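A.B. asks: So you can see what is in the structure, the chains are spelled out below.
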Amino acid sequence: MEFDTIAAISTPVGEGAIAIVRISGEDAISIADRIFCGKESLTEVPTHTIHYGFLEDPKTKERVEEVMVSVLRAPKTFTREDVVEINCHGGVVSVNRVLQLVLREGARLAEPGEFTKRAFLNGRIDLSQAEGVMDLIRAKTDKAMNVALQQVEGRLSHRIRRLRQTLIEAIASVEVNIDYPEYDAESVTLAKLKEQVIDVREEIVQLLRSAREGKILREGIQTAIVGRPNVGKSSLMNSLVQENKAIVTDIPGTTRDVLEEYVNIRGVPLRLVDTAGIRETEDIVEKIGVERSHQVLKEADLVLLVLNSAEELTKEDEALFQAIEGLEAIIVLNKIDLDQKIEEKRIQELAQGRPIIRASLLKDEGIDELEEAISRIFFEQGVETTEMSYVSNARHIGLLEKAKEAIDEALHSTEMEMPVDVVQIDVTRAWELLGEIIGENVHDGLLDQLFSQFCLGK
Amino acid sequence: MPKKVPTYGGEFDVIVIGAGHAGTEAGLAAARMGAKTLMLTLNMDAVAFMPCNPSLGGPAKGVVVREIDALGGEMGKNIDKTHIQMRLLNTGKGPAVRALRAQADKALYQKEMKNTLENQENLQLRQGLVDELIVEDGVCKGVLLNTGLAYYAKAVIVTTGTFLRGTIIIGDVQYESGPNNMQPSIRLADHLKELGFEMERFKTGTPPRINGNTIDYDKTEIQPGDEEPRAFSFETTKYITDQLPCWLTYTSPETHQIINDNLHRSPMYSGMIKGNGPRYCPSVEDKIVRFHDKPKHQIFLEPEGRNTKEMYVQGLSTSMPEEVQFQMIKSVPGLEKAEMMRPGHAIEYDAIVPTQLWPTLETKRIENLYTAGQINGTSGYEEAGAQGIMAGINAVRKIQGKESVVLDRSDGYIGVLIDDLVTKGVDEPYRLLTSRAEYRLLLRHDNADLRLTEIGYKVGLISEERYERFLRKKEAIEKEKARFQNTIVKPTEALQKMLQEKNSSPMKEAVSAAHLLKRPELHYEDVARFIPSEGPVSPEVQEQVEIQIKYEGYIAKQMEQVERMKKMEEKKIPEDIDYHQITGLATEARYQLSKVRPLSVGQASRVSGVNPSDISILLVYLEQGKLARKKEA
Numbered sequence: 001m002e003f004d005t006i007a008a009i010s011t012p013v014g015e016g017a018i019a020i021v022r023i024s025g026e027d028a029i030s031i032a033d034r035i036f037c038g039k040e041s042l043t044e045v046p047t048h049t050i051h052y053g054f055l056e057d058p059k060t061k062e063r064v065e066e067v068m069v070s071v072l073r074a075p076k077t078f079t080r081e082d083v084v085e086i087n088c089h090g091g092v093v094s095v096n097r098v099l100q101l102v103l104r105e106g107a108r109l110a111e112p113g114e115f116t117k118r119a120f121l122n123g124r125i126d127l128s129q130a131e132g133v134m135d136l137i138r139a140k141t142d143k144a145m146n147v148a149l150q151q152v153e154g155r156l157s158h159r160i161r162r163l164r165q166t167l168i169e170a171i172a173s174v175e176v177n178i179d180y181p182e183y184d185a186e187s188v189t190l191a192k193l194k195e196q197v198i199d200v201r202e203e204i205v206q207l208l209r210s211a212r213e214g215k216i217l218r219e220g221i222q223t224a225i226v227g228r229p230n231v232g233k234s235s236l237m238n239s240l241v242q243e244n245k246a247i248v249t250d251i252p253g254t255t256r257d258v259l260e261e262y263v264n265i266r267g268v269p270l271r272l273v274d275t276a277g278i279r280e281t282e283d284i285v286e287k288i289g290v291e292r293s294h295q296v297l298k299e300a301d302l303v304l305l306v307l308n309s310a311e312e313l314t315k316e317d318e319a320l321f322q323a324i325e326g327l328e329a330i331i332v333l334n335k336i337d338l339d340q341k342i343e344e345k346r347i348q349e350l351a352q353g354r355p356i357i358r359a360s361l362l363k364d365e366g367i368d369e370l371e372e373a374i375s376r377i378f379f380e381q382g383v384e385t386t387e388m389s390y391v392s393n394a395r396h397i398g399l400l401e402k403a404k405e406a407i408d409e410a411l412h413s414t415e416m417e418m419p420v421d422v423v424q425i426d427v428t429r430a431w432e433l434l435g436e437i438i439g440e441n442v443h444d445g446l447l448d449q450l451f452s453q454f455c456l457g458k
Numbered sequence: 001m002p003k004k005v006p007t008y009g010g011e012f013d014v015i016v017i018g019a020g021h022a023g024t025e026a027g028l029a030a031a032r033m034g035a036k037t038l039m040l041t042l043n044m045d046a047v048a049f050m051p052c053n054p055s056l057g058g059p060a061k062g063v064v065v066r067e068i069d070a071l072g073g074e075m076g077k078n079i080d081k082t083h084i085q086m087r088l089l090n091t092g093k094g095p096a097v098r099a100l101r102a103q104a105d106k107a108l109y110q111k112e113m114k115n116t117l118e119n120q121e122n123l124q125l126r127q128g129l130v131d132e133l134i135v136e137d138g139v140c141k142g143v144l145l146n147t148g149l150a151y152y153a154k155a156v157i158v159t160t161g162t163f164l165r166g167t168i169i170i171g172d173v174q175y176e177s178g179p180n181n182m183q184p185s186i187r188l189a190d191h192l193k194e195l196g197f198e199m200e201r202f203k204t205g206t207p208p209r210i211n212g213n214t215i216d217y218d219k220t221e222i223q224p225g226d227e228e229p230r231a232f233s234f235e236t237t238k239y240i241t242d243q244l245p246c247w248l249t250y251t252s253p254e255t256h257q258i259i260n261d262n263l264h265r266s267p268m269y270s271g272m273i274k275g276n277g278p279r280y281c282p283s284v285e286d287k288i289v290r291f292h293d294k295p296k297h298q299i300f301l302e303p304e305g306r307n308t309k310e311m312y313v314q315g316l317s318t319s320m321p322e323e324v325q326f327q328m329i330k331s332v333p334g335l336e337k338a339e340m341m342r343p344g345h346a347i348e349y350d351a352i353v354p355t356q357l358w359p360t361l362e363t364k365r366i367e368n369l370y371t372a373g374q375i376n377g378t379s380g381y382e383e384a385g386a387q388g389i390m391a392g393i394n395a396v397r398k399i400q401g402k403e404s405v406v407l408d409r410s411d412g413y414i415g416v417l418i419d420d421l422v423t424k425g426v427d428e429p430y431r432l433l434t435s436r437a438e439y440r441l442l443l444r445h446d447n448a449d450l451r452l453t454e455i456g457y458k459v460g461l462i463s464e465e466r467y468e469r470f471l472r473k474k475e476a477i478e479k480e481k482a483r484f485q486n487t488i489v490k491p492t493e494a495l496q497k498m499l500q501e502k503n504s505s506p507m508k509e510a511v512s513a514a515h516l517l518k519r520p521e522l523h524y525e526d527v528a529r530f531i532p533s534e535g536p537v538s539p540e541v542q543e544q545v546e547i548q549i550k551y552e553g554y555i556a557k558q559m560e561q562v563e564r565m566k567k568m569e570e571k572k573i574p575e576d577i578d579y580h581q582i583t584g585l586a587t588e589a590r591y592q593l594s595k596v597r598p599l600s601v602g603q604a605s606r607v608s609g610v611n612p613s614d615i616s617i618l619l620v621y622l623e624q625g626k627l628a629r630k631k632e633a
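Those protein sequences? They're chains Z and G, same order as listed.
Residues in the first sequence are numbered consecutively from 1, following UniProt numbering.
Residues in the second sequence are numbered consecutively from 1, following UniProt numbering.
Honestly, I wouldn't trust all of these hints.
[Said to hold, decoys possible] Mimicking EDC-like on lysine to aspartate or glutamate, the simulated pairs with C-alpha atoms at most 16 Å apart in a straight line are:
#1 G:Lys557 x Z:Asp4
#2 Z:Lys298 x Z:Glu328
#3 G:Lys296 x Z:Glu182
#4 G:Lys567 x Z:Glu182
[To be verified] Restraint ranges, calculated between C-beta atoms of paired labels, are given here:
#5 G:Asp216 x Z:His158: 51 to 57 Å
#6 Z:Lys59 x G:Ile222: 37 to 43 Å
#7 G:Ser404 x Z:Met416: 24 to 30 Å
Honestly, the hints are just simulated from the structure, not real lab data.
Fair warning: this is a prediction, and the values are worked out from it, not measured in the lab.
All residues carry an ideal CB built from backbone N, CA and C; glycine is no exception.
Could you put together the complete structure from these sequences and hints?
C.D. replies: Structure (structure tokens):
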């Protein structure tokens, strides 16, 4: 797979107004062309030219982004391969959408340092320049592995394992009928295989939608700031926004009727949902009503509960604690520069072990601690850089997308009434792709399953 | 005993030690390629002997028999002349997994093969026990017999099967023996160790044989062969029509009870057997212990030939003491009065760790020495034959100063087999399964000739006449495919009626014949009727056209994967590479790569313990070397 087409975001994530998604390899131009709508087809334009147009999701026909696309044909490019650079809006969401589209159309997410490596392998860089390349690969890979390891231990890998087990049992049932046609195992019908595969597809879709890692990337962590009026919610928001160069994105074509603020906190993209209530620092409990606040909280991945430590705890505060029961939350005790009236012991009881941050938003105190607490919640071991956490996550999403596609193809084959062993080719592909997520792709795994599931022999 | 001074026996191009399924293919290939060849067998009556099941082929294995045939081997032709039953398996499934299986007349199979060897020009066949190899300066120069005779050769191929330090185990009885109580080869096993080869100990087993006259067939189900005549070889024109059936019965609760009661007497469980047995071939006691919920297991009764009453009891492989075997047999419905003719037993033997071989099957340690078959850790007649022919071809090519012939994983199951052996090694006897192949839609039994005849012809094992015929077939397929693609069929009344009969939805508009053929419920002849004929089309061509059109999309997808794989296979690694000099390689990768010494980056990526990042570093290192050399020049 060394010289397939690769892609990555080549500008720092979440910073700057423009981001660039770079694609390199044989299929770079055709991939870009499939999603690009402009005056001309990218396959026909001269090299080293830049083109204005839109990106369109070929599946939904939805316009995704307004872009400028550079087409650079081999060999006069950085990698000496065909290269396409897509310039798009710099927001986390928009650039990710572009990357996901490119990956879905057949590019593979580049490993760290891979563009440089290709430049070298294709003879673009000379020996002296290249000496650092090997260290680069090793160093970056080690970092990637650290992040990968964390995730291997996480929930995601647990679920992936379960999915793979379901698939491998289905595959083994097909295989046993092929390699041991006379063995008295129940033969696997298309209908049965389809049933098993649909279940797995459903789970993958769910994973894609809800897995925290994936969600962080695509949407940011949905974060609700709640609290009584005048406790400092808007100050908190402003502090987070100012400190972290937020990108305000108004995503066209979506039905959301609210503005969303994206902030990038130590590699964790937060989506601060800016409902009217929160923005205007009006009391969410009073104004929108308990129903609505529950709704907002239900959708939140993270709640920042702001309390005024210069006042005593009120009934409303207690009600808010009840409302966030069981949610991931951080308690922000604001206004610590004033005389303290709040009973901290009671707060600790109510917090149930969740972090409590003492802050004075007016004096810019406690923001660092809050950011630390946020990043600790989402990357328990801490993530070294924004890029790393980003890369390994996008890789997972890309693989999950591809696994889903493989399953879709398998399902399509069942519609076409292809023989079960032909359908199984795509099921096996899905199994392998899921294995890549958790670094398990040993083909022998299938044989182990075959011989432990069935009693075969002479 | 003082060492005897060897007597000069003669000089050859190639010597093959052993005349089993690997040895016969190796010897025939060598002789047919023009090399003066000597074949040595321990026992002249054991040429092409089948020590276990009386059958050849089946899924994956049947494809291998056809691949051997396409390369110019003998196995397919020989079984076509000597089978008692032939069946096409997996007919209800896709084309990729269909496979032929033959029940062999064991004695006849041997007789025919021996006859072929005897009449082969350039080939000398003699009985003799090889004690040692003659090795000078790391190059194999010949063999030394136990009688003191020395034969010299430019290349030696070792195909010793299960003879190397063979030990038969039945219950608590254990004795040194080759298969079927033949003399084992002990000295050669020691000698290979002395030469520095790393050896492993494997185990396999065989079920008892019973007298067919003592079977109550009324209690069994008949398993007949296919009515349609079939053949493995692309050259066979005479078909055997007179077939014998097999019979199916099952173990009973009593069988399971007997086995459970006597488990302590099984050498598998008493710890007497040390060799690794194959998971895919467990003994019946193994099956009953591991799958204790399964109420009964299948037992197939297979005739060992036409002129014998001996029946092979497939499913009852065991190494229990004989008296327990008696009870086990009698507990099976239909076998209450069965007389045992040979007991089931386990056999342990030495095998060479196959990562010590190049993909040509030449050993890395000693030049001009090749090994093939069970000695390389495989099991099965077909796997042996496949290695035999490849070793034979490569030994002769080397002598003749020609380029070696290595099949890759997309060329055939033979490529998969040998690549697995030399790249990954084995920890149990290796059997081919369709699931070991990544590109199984390409590796079909129906296209084995299309894949490999060209190679067989190039090395000189395919006759001009057969090659001509092959080219004509290829052309006919292309022509017929083009005709289907270029002919438009209209939804006429007759056509709609046919569709209705086939439960196929009616046509709305005119489409190409190829498009129509893609419908799963339609076959070649259904569509061909509606397009103007351009002369007769042979059934083989029809089959190819149908498969190639029907599965076009899937085949194209696999071809793409193959292309990607090939790019990595084309990146060669110099033989003198020193992995310890490459900074950045993980320790495990360094160790494994030094051991296997892969020839290409593709092969390196399949070595166990090597990660993608190691491959990246290897690529960079190779590129640096190239640049440095360029600068020097």
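A.B. asks: What are the numbers of the hints the structure violates, in ascending order?
C.D. replies: Numbers 4, 6 and 7, in rising order.
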